[in-house]
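Order-wise, the sequence lines are chains A and B. Residue numbers for the first sequence follow my numbering, so the first one is 1 and each next one is one higher. Residue numbers for the second sequence follow my numbering, so the first one is 1 and each next one is one higher.
The hints are simulated quantities; they were obtained by calculation from the structure and are not laboratory data. All C-beta atoms in this analysis are idealised placements derived from N, C-alpha and C, irrespective of residue type, glycine included. Please note that the accuracy of each hint is not assured.
Quick list of simulated restraints, FRET-style, between CB atoms [claimed, not checked]:
hint	chain 1	residue 1	chain 2	residue 2	range
1	A	E18	B	S330	49 to 57 Å
2	A	S427	B	P301	57 to 65 Å
3	B	G455	A	E483	55 to 63 Å
4	A	D197	B	P438	39 to 47 Å
5	B	P301	A	S330	28 to 36 Å
Among the chain A residues that face chain B by a calculated CB cut under 7 Å, a handful are [stated by the list, open to error]:
hint	residue
6	P205
7	R580
8	T583
9	T584
10	G587
2 protein chains.
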Amino acid sequence: MLFLLSLFHADEGMWMPEQLPGMGEQLVEMGLELPVEQLADTTAQPLGSVVSLGGFCSASFLSSEGLLGTNHHCVSGFLQVNSTAEDNLARDGYLAASREEELSAGPAARIYVVESIEDVTERVNAQVRRWTGDGQRYERVERAKKELIAECEERPNRRCEVAAFYGGQQFRLISKLEIQDLRIVYAPPDPVGNYGDEIDNWMWPRHAGDFGLLRAYVAPDGASAPYSEENVPYQPPSWLTVSTEGVREGDFVMVAGYPGGTYRYRTARNIRFAAEVSYPELIAFIGRAKGILQEQSSSDPEAAARLAAPIGWMGNSEKYYQGNLNNFGSSGVVDRKQREWDETMAWVNSDRVNAKLYGPAFEELDALDAEKEVGFRRSLYTKWSVHLSDLLAVAHEGYRFAVERAKPDLDRDRGYQDRDVERTSQSWTQLDDTLWLPADRALLELVLTQHAGLGPDQQSAELSAWIEEHGGIESALEELYTEPSLATAEGRLALLDMDREAFEHSDDPWLTLAVTIESYLASERVREEERRGAMLRLMPLYMDALKASREQVYPDANNTLRVTVGHVKGYSPADAIWYRPQTTLSGMVAKAGDAPFDAPPRFLDAAKEPEKSAYYNSELGDVPVNFLSTLDTTGGNSGSATLNSKGEFVGFLFDGNYESMSADWLFDPALTRSIHVDVRYALWILEAEGAEHLLAELGVN
Amino acid sequence: MLFLLSLFHADEGMWMPEQLPGMGEQLVEMGLELPVEQLADTTAQPLGSVVSLGGFCSASFLSSEGLLGTNHHCVSGFLQVNSTAEDNLARDGYLAASREEELSAGPAARIYVVESIEDVTERVNAQVRRWTGDGQRYERVERAKKELIAECEERPNRRCEVAAFYGGQQFRLISKLEIQDLRIVYAPPDPVGNYGDEIDNWMWPRHAGDFGLLRAYVAPDGASAPYSEENVPYQPPSWLTVSTEGVREGDFVMVAGYPGGTYRYRTARNIRFAAEVSYPELIAFIGRAKGILQEQSSSDPEAAARLAAPIGWMGNSEKYYQGNLNNFGSSGVVDRKQREWDETMAWVNSDRVNAKLYGPAFEELDALDAEKEVGFRRSLYTKWSVHLSDLLAVAHEGYRFAVERAKPDLDRDRGYQDRDVERTSQSWTQLDDTLWLPADRALLELVLTQHAGLGPDQQSAELSAWIEEHGGIESALEELYTEPSLATAEGRLALLDMDREAFEHSDDPWLTLAVTIESYLASERVREEERRGAMLRLMPLYMDALKASREQVYPDANNTLRVTVGHVKGYSPADAIWYRPQTTLSGMVAKAGDAPFDAPPRFLDAAKEPEKSAYYNSELGDVPVNFLSTLDTTGGNSGSATLNSKGEFVGFLFDGNYESMSADWLFDPALTRSIHVDVRYALWILEAEGAEHLLAELGVN
C-alpha cells in the first residue's frame, strides 16, 4: 500500500550523500550534469569543500587559500566581538585590504571539516537488550556514543560526534577537523548584508547581500591551532569554482550544507499541540521579551549595540513561530498530518502482523506526546530563566560543571566533560562584550513573573519556594543585581574552580538560585532521558512503517551534511499574485530609505548604473540580487553553498520564504521556497567596494 | 516637433464619443468588433444605455424594465436612507423579492439619461471680446451658460448642463432626462459588496462584490415623476446585453461612463505644490478628522451607523492623497511633468511666432498658480468649516440662498437658483437621518483650532474676529451647540424663508458665523472668478500648443460621457512581483475572517464549492471575482458598464489600483489599472441569494 507516496516530491528531501547514488536517474532527469558518484563523495569537490560553522551555519571553501563563503548573518557575531560604540563593525561591515588586516573572529569561532563518516549503529546499541528499561537504554546509548567520541578525539584537533538518523534507527560517527583560527575577510555593512532586517526577514521579494567572507588559518606546520600571528592560511583539500553565469528561472540547483533540525515525522498530536498551545504561548512571551530589549536599546547606544543580537534572534523566533501558525492555518498542515496519522493507523490495523508489530508502538508514541503536554508551561519558564539571563545561565552552567566533575569524564552529561571546559571559559570571558545588566535583570524579572502567574500546580515548587524565601520577585531581583560577582569575567571563571559542596553551601543568591532551578531541571532531565530511551525503542518501528509505504525516505535534519536538489522557481503566495524567482538592483533601490533600508550611498549610487557592472545581466536588464529555489532547507543551512548542475558555486542560501516556515513539519511543493543571494550580487558588492584582490582570489577577475 | 508623442498610449484617453470614429482603425486593431459608428452613437446601444447617478457614479440599463446596474458603493447612500439601528440595510444589504418590495432610494436620488449633446461654444463666447476683463469674462460666460441651461430646461423633467472641454476651448450643452423615482432592487451585504473595506480599497488583489441593482420608475404616462406607488418601471430606449462568458487575460474591454475630473494638463508648478504642500496638509488634517469620528463610533452603535459614510469618504480621501504622494515619488511624476513643461517652453521659445503667440500665456499660467499657493491654508480651513459641520453647511447655504434670491434667477450663482430649492430642502430634510451632533461639534472644533493655529497673516481676519467676540473657540462652541435650532428639519427649512436682512441681523450664532464665513468666501469667489476668467483666456492657447504636438488629444474628464478602451492585463507593482489580472472565489475565502473580511457564511459556504455554480470557469478552476484592465478611469466612473469587444456587459468598473491614484495627473501605461467586478461574480452572488427572478430579468437564466 503506497498511500503516502503522493507526499513524495522530487524537490523534497535533505538527502544524506550516501543516498544520492540510488537517486542517479532522477537527478539526471532533474538536470544534474555532474557524475552522481562524484557528488556523493564527501571528500571530493563539491561536498569536500562544504564545512560547518558549528551548528548554526554552513560555509564553503572558495579558494585554495582557505577563503570561506558564508552568510553575513553567520559572521555578525564575529563582527560583534570586534565592535565598539566608536568602531561598530557590526553596523559598518569590514573589508581587509590585505591578509595582514584580516581580523580574528574571536577565540570561540570554529569551523569543522568532515574527514570521515562511519556507521556505528551496532556499537551504539551493543549494550541494549530488549528488556532494557527506557532510562537505562538512553544512558547506555549515550555512554556508547561518548566512548566512540572520546576514542575518535584522541587524534589531535579532531571534534567527533555520533549523530542519530531516522530517530535512532541508525547512528553515524562523524570525525571532523576543527580549525580554531578564523578571520574576518569581508562583511558588507549591516544595511546591505541585512537589508530590510526584520521587515524583510523570511520575505520575498528580497534584496539582501547576506554574505560574508572568512579565512581559515592553521599553524605554519599545517596543524590546527588557536589564533596566532604566525598562523598561515589553511589549504583545503578542495574548493568550489565560482560561476559568474549565475542562474536563470528553471535552472537545476543544489544546496550542500548542515541543516539543523526538522520534524517531518512527528505525530499529528504533536503538531496540533504546537498549533494550539505551545506556539501561541511562545509568540506572546518572546514578544514581551523583545519589547523590553527594544525599549532599553532606544535610549542608550551602548545598550543598542549589546542587545542587537538578542533582539535579532527574538524577532526571528517570533516571526518564525507566527509564520508557522499562519501556514498551519493556510496550508491545513494540522489536518494533513492528522490524515497521515489516521491513514498510517489504518494501514497498521489492516493487517494482523502489522497490527501486532507496530500497533503498540504507535499507541505509546501518542501517550508520550500526551505526557509531555502536561508540564509544558512549567518546563518552558524554568528553562527560559537560564536561557534569557546571561548571569543565571553562567551560574547554572557552573553548578552543572561542579556536579558533573565529580563523575568520571565519560559518565558526565554532554557539554560538561573536560573537553568542554576551554570553550566554556572562552565564552564566559567574551560575555564582557555583550552583557547588559539592565536587560539581564528585566528579562529575569519577566520570566519569574510569567512563572509566578502559572496555576500553583503548574509552577516549579522549588523555584516558588526560593522566591518566597527571598521576599518575592522584586526583593529577590534587588539582591541578585546588587554588585553581582558574576558581572566580571573573573567572578564567572572562579565558578569553574568550585565543587558541588561549595555551590550548595554558598549564600550568593545567584548560586542558590542556580542550585534551585537545577533541582527542578535535573528531575526534568531524568524524565526526558526516559522519554528519549523510549523513543529509541519506538522510532525504529515507526520509521519502518513509514519506509514500508514510501519510495524514498530521508532522515530528519540533524546538523549533518545533506544535499537537497531542485530548481529556480517562483510561486503564488495568494490569489492573483505570482512571485518571480529573481530580484534586481532596481528593486533594491526602490526600497531604499529609512532603516532598515538605509544602504550606504556608495551602493545605491552604483546600483543606479547596473550596466556599468561586470555582473550586469542583459536578460534581466540589471544585476541579479536574490533568487528563489524549490530546495528543501532549514536553519543551520544558512551560508550553505548553492551549486549549479555542474557543481559550481552560484549563490549563498540564506533564508526560506514566509510560507516555508512550517516546512520543518511538512514540505509543501507549491509554497516551500529557499532564498539565495545570487553570487553575482556578492561579486557586485565586492566590485562596489573596490575589493579587486578578493575578486581575483575568487577567480572571477 | 512631436516631442510629446511618446506620452500617447493606446490605453490612455477618456474619449468623447464623437472622437471615436476618428480612431476606427486603431480600435479595430485593439480588438473592437462593434461598428465604430454604432459605438459613437450616444442614443443607440451600448452608449444609450449608460446613465449618470448625478456626478458621483455611473450606471447602465440592464433590462427593458429599467433595471440599472451600478456599484454597491454607489447605492450605499440609498441603503443608509432606509437603515435604522435595528434594521441596518447598509450593513445587511437588501433583496427585493418582487417589484412591490423595491424600496425608494429617497427623494434626492436621481438618474440622468443623456438625450442630446450640442456644441454651444459660439453662443457661450458671444459676449466675450478680446479686451473683456477676466472677472467680466467669467461672468459673461457663466451667464451665457445659464441662459442656455434655462432655455433647455423649459422642457419638463430635463436637467441640462454646459460642460467645458479642453479647459474652455469648447462648450457643449448636454440635455438629460431626469428620473426622480429610483428604487433599490438588490444590494449585497456590506462585507460582500465592500469586502476588505478600507484595507482593500485601491488594492489588488481584490475580492469585492461591489455591485448593486436599482430600478428607474416613472409615472404611468411615462413622464418623470417623484416617488409614487402608482409609478411604473421606466422603459429605457436601449439596454445592455449581459454576457456570461466574461473576460480572459488579454481581452479587449471598454468602459462607458461619467468620469468626474482629471488634471492631465496641469502645469508642473501645480503638481509640485500638491506633492510638497497641499497633499501632505490634507492627509494630516483628514486623518485627524477621521480619528475623531472613529472614536465616537467605537462607543455608540447609533453614532457608528450615522458616521459610517463620512468615515468612509475620509478614509478614501486620506488613502487617495497618500497614494498620490507615494506614486508621485515612485513614478517620478513631478520630474516628468517638469520635463514636459520645460520641453513645451523650449518648443514655444524655439520659434518667434510661437513665442509671441503662446509665450505670455504660459508665463501667466505659471503666475496664476503662484498666486493661488499663497492663500492655500486660509482658504482650506475656511472652506472645510462649511464642509465638515453639517449645521454650519446648512446655515451657510441658507444665507447664500437669501443673498442670491435678491437677484434675478439667471444672475444667481449656480446651486442657488429656483431650480435648486427643492433638491436643497429635500437634502436638509434627510439630514435628520445622518446628523450626529457630537461629531458635528468635534469636527467644527477641529477646523476652528486648525485655523487658529495658522500664522496671523494666514488666518481669515473675519473668522478670527468672530471667534474673539464669542470668547474663544470653547465658549463659541458651547453657545453654538446649546439647543441649536438647525438640529431639526423644521429649523433648517425655516432658513429658506429668511431674507438677507434677517440673516445679517439675527443673533443666532449659527447665522452670524455663516455670515462671517461667507464674507471671506465671497471675496475668495471674486478672486476665483477672475482666475477662471483668465483661464478661459489662457487655456485655449495652452491646449493649442499641446494639440500641435500630439496625435490625439482628449479633454480632461468633466462628468460627461466618455469611452475608454484597453485590455484585461496584469502588472508588476514591484521588483519580482507580477499581479495576475483575475481573482477567484478561493482567494475571497482565503481572506475571510474578522471585519472587514466577514462575509456571511451563506456566501463563504457557497464559495467553497465553486464547481456547483453556473458561473464556474474551468480554465480558472473557479468562479472569477474581480479583474484588472488597462482602462483609463477615475472617480465618477464608479458603476460604469464594462463592455467586451461586441459591446456586451461583462463587469462593473469600481476602483483603480493603488498605483493609479496619481493617474489623474499622469497616466502610466505600465502601472495604471482599473478594477472591475467580473459580471460572473455578480451573477454568482445573485445565485447564492436565490434571486432567480433577477437572473431571469438579466437574461442569463
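Check: Looking at the structure, which of the earlier hints fail to hold?
Finding: As far as the earlier hints go, not one is violated by this structure.
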